[in-house]
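If you count by this note's numbering, then the sequence shown holds residues 1 to 93, one letter each, in order.
No wet-lab data here; the hints were simulated from the structure. Note that the structure is a prediction, hence the values are computed from the model and not measured. Where a beta carbon is used, it is the ideal one built from N, C-alpha and C, also for glycine. Among the hints, erroneous ones may be present.
What follows is a set of in silico ranges between Cβ atoms, one per label pair, in the way DEER data are often shown [as the list claims (entries may be wrong)]:
no. : residue 1 : residue 2 : range
1   : Glu27     : Leu87     : 19 to 27 Å
2   : Leu66     : Asn92     : 35 to 43 Å
3   : Ser61     : Lys83     : 30 to 38 Å
4   : Thr33     : Gln56     : 35 to 43 Å
5   : Leu80     : Gln56     : 24 to 32 Å
6   : Ile11     : Asp88     : 36 to 44 Å
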Amino acid sequence: MNRQASIHCPIGLFPRQEEEIAHLTQEINHARTAAEKAPWAQALIEAVDVLLACEQYDGKSLDCRLCRNFSELRHKTASLVIKAGRLDVKRNA
Numbered sequence: 001m002n003r004q005a006s007i008h009c010p011i012g013l014f015p016r017q018e019e020e021i022a023h024l025t026q027e028i029n030h031a032r033t034a035a036e037k038a039p040w041a042q043a044l045i046e047a048v049d050v051l052l053a054c055e056q057y058d059g060k061s062l063d064c065r066l067c068r069n070f071s072e073l074r075h076k077t078a079s080l081v082i083k084a085g086r087l088d089v090k091r092n093a
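All chains, full assembly: derive it from the sequences and hints.
What follows is the structure, encoded as C-alpha cells:
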C-alpha cells in the first residue's frame, strides 16, 4: 500500500503551490550543471515565498508549521543551488 502524507491547508494554498514546486524541483534535478539549475532555483524561491508569506499562518496548527518548515528548507536549498550556480559561472569564465 502506497500512502502519501499531505498537509491540510485550510485555504488551499499549499496544494496549489506544491504542484508548481514539484515541477520546479524536477527541472532542477534534470539540469546538468549548477549554472543551469540556478534559474529554476530562483523560480522555486519565488514559489516558496508565496507559502512563507501566507497571511493565514497559524503557528498552533501542525499543518501550518510543517508547511512553513518545508518551505524554509526548500528556500535554503534553492539559495544554495543559486550560490553554486554563481560559482560555476565564475569558474568557467
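Violating hint indices (sorted, rising): Those not satisfied: there are none.
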